[in-house]
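So the protein lines, in turn, are chains A and B. Going by the working numbering, the first sequence opens with residue 8, and the numbers climb by one from there. Going by the working numbering, the second sequence opens with residue -11, and the numbers climb by one from there.
No wet-lab data here; the hints were simulated from the structure. No residue lacks a Cβ here, since even glycine has one placed at the ideal position from N, Cα and C. Where hints are given, some of them may not hold.
[Claimed, not checked] Which bits of chain B does chain A cover? Going by a derived footprint, with three or more residues having C-beta under 8 angstroms, they are:
| # | segment |
| --- | --- |
| 1 | 10 to 18 |
| 2 | 155 to 168 |
| 3 | 210 to 218 |
[Claimed, not checked] One side only, chain A facing chain B, incomplete, derived with CB under 10 angstroms:
| # | residue |
| --- | --- |
| 4 | Glu65 |
| 5 | Glu68 |
| 6 | Ile85 |
| 7 | Ile87 |
| 8 | Glu109 |
| 9 | Ala191 |
| 10 | Ala205 |
| 11 | Val208 |
So you can see what is in the structure, the chains are spelled out below.
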Amino acid sequence: MSKSAEELYEALADAVVDMDEDLVADLAKEAVAAGVDALAAIDQGLARGMERAGKLFEEEEYFVPELLMCSDAVNTGIDILKPHIKMDAAAEKHKVVVGVIEGDTHDIGKNLVKVMLNSANFDVIDAGRDVPPAVFVDTAIQEGASVIMIAALMTTTMDKIGDTIQLIKERGLAGKLRVVIGGAPISPAFAKKVEADAYSVNANAAVRIAREMLSC
Amino acid sequence: MDVLSPKERLLRSLKKEKVDRHPIICPGGMMNAALVEIMQKTGHTLPEAHHVDSLMRELAFDVQANTGFENFGIPFCMTIEAEALGSPIDFGTLACEPKIKQEAYSSVKEVRFLPRGSMEKSSRVAAVVQSLHYLSEKYPDVPAIGSLTGPLSTAASIVDPMTFLKQLRREKEMAHKVLTYVCEQLIDYAQLMVDNGAAVISIADPTATGEILGPKMFQEYAVPYLNMIADAIHAMGVPVIIHICGEMAMVKPQIASLHGDAISVDAFVNLKQMKDEYHSLTTMGNLSTYLLEFSDPEVIYQQAKGLLKNNIDIIAPACGLSTSTKLANIHAFTTAIKEG
C-alpha cells in the first residue's frame, strides 16, 4: 500500500533525523512519483526532520558530525524534490547573509548556522571567514538580504562586530538591516553592548531568530 | 625570592614535585603572545616571523622578555603541520593569524600518505626547529616549548573539515587511517623539536572538543590519538601539555584518561572543581583571554590571585590571546603570579 502524503512527510522527517541519506532519496522519489506537493514535502518533511535534529543538538544528544549528516540528508531530498515544486507555489526564499568577522578564521560555527538555515529553506549567502564590516554590509545590500548573521570564535575579533553595527547606522540602514551575533566568546551582554539586534546561543537558535525576524 | 630557574620550575610542576612558586607560561602555537604592541616596539614582526628562523626566534625572545611569561613559545600559528602535509596557507598579517587557504583534500579517501620523514623537508618546520635549538642553547634556564597542533585539528586542516567530521561516522576505517598517518607525522615533528632542545611539547587540538564531537566520538577519536602522541613524546623523555578547548562537562571522565602531564583548559571550566574531582590531574590555565583583552590591570591582577588561591598548578591564559591585548594587562597577570 502506498503511503499518504502525511505518512511520507513523517517518514522523510524520520529519515533525516536518522541521518539516512539513501532512505531520504528513496522517499523523495516516492513522493515525486505519488505526485505529492514537493514544497510541502520539503517544509513538512525534510525541514521538520532538521528541526528535530536541531533539538537533539540542543539537548546534547547529537553533536556536530550528526547534525552535518542530517543536513546532507536534507540536501539530498531537496535536490530530488526541487524540480517538482510548482512555480506559483515557490515563493521567494528569504535571504540571510552569514559570515565570520574580520580577523577570525574559525568557521565551524558559521558553517553550522549555514547548514541549519539551508535546511530550513532559507537562501543563505555565505560571505566566508575573515569578513570586514563593509563587506558584510555591501553583500547584504547587493543581495537584498535584511538579516546578517556574524560569528566570532576569538575574543580578538569581537570589536569588529561593533564596527559592523556602527557602519549600518552610519549608512542609515538601522532597522532595515538587522544583525544577529553568536560564537563562543559572545554573550547576550556583549550583544546588548554593541547593540546587535539579537544574540544566538547556537545554530538551531539562529534558525528560530531568522524565522521571527523575517516572520516566516 | 625565586630559588628555581623557570625551566626547573616548569619541569618540576609537570612532575608534581615541590616548587618555590607557581610557573606562569604561554606555550605558543594557538596560545601565543606575539602581541601587536610587542612587534611594533621591536620590529620583529609577523607574518614574516612565521617563515624566517632568525625572526621567529627573536620574536619568541621578545615575547618572553616583554610579557613576563617564563618560557619561549614556538611557533605562532597552527598551520605548520598542515602545510607540511600539503595544504596551502594564507599567512595573514601582523595582527591576524595564518589560516588554511584550502584544505589539500576534499575527503579522507583522497589523502595521499607521505612517507615518514616528510616533516623535516618543510622550510617552516626547519625554522621552528632552528629557533628552538638557538633559544634552548643560549638561554638554558628558560624552557623552550614546542607547540604542536593536535591530530584531529591537523587532520581537519588537510581534509575539508565539514566532510571530515561526517566521515568520522561514515568512513570510520579511513578516518582512523588518516588519523594514524597524521599522528606518525606529528610524532616525527615532535621528535625534531625535542632533538633540538624543546623542554616541553604542548599539544592544542581545538577540533577535538566535547562540544563538537560529543563524548562518544571524543572517546573514539580524540583520546587514543592524543595519547598515542603523548606516549611517543614521553618515550623521548619530555613532558606533554594537552590543551582542550571549550566547555568540557560532557567529556570530563575522558579528560582524566589523557596522558598529558598537565591539562590546560578554557576560561569557563572550573579548574578548582576539576582538581578536587581528579587529584592526579596537573591543572593548567585559565585566565580569560576576554578579560586580558578588555579588562584593566587591577581586575586582571585580582583574577590572577584567584588562580593562585585555587592552587592551579601552572598558570597560563585560557585560550588564544588577542593580538591587540595590551602589554600592561599581561604585566598585571605575570606580576601577580610572580609575587606569589
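Evaluated hints:
1. 10 to 18: Answer violated; 0 residues pass the 8 angstroms Cβ test.
2. 155 to 168: That given contact holds, which follows from 3 residues of the segment 155 to 168 of chain B lying within Cβ reach (below 8 angstroms) of chain A.
3. 210 to 218: Coverage by chain A is violated here, the residue count being 0 at a Cβ distance below 8 angstroms.
4. Glu65: 12 angstroms, violated
5. Glu68: 9 angstroms, holds
6. Ile85: 17 angstroms, violated
7. Ile87: 20 angstroms, violated
8. Glu109: With Cβ-Cβ at 8 angstroms, under 10 angstroms, it holds.
9. Ala191: For Ala191(A), the interface hint holds, since the closest Cβ of chain B sits about 7 angstroms away, which is under 10 angstroms.
10. Ala205: 21 angstroms, violated
11. Val208: Since chain B brings no Cβ nearer than about 12 angstroms to Val208(A), farther than 10 angstroms, the hint is violated.
Hint check: violations occur at hints 1, 3, 4, 6, 7, 10 and 11; the rest are consistent with the structure.
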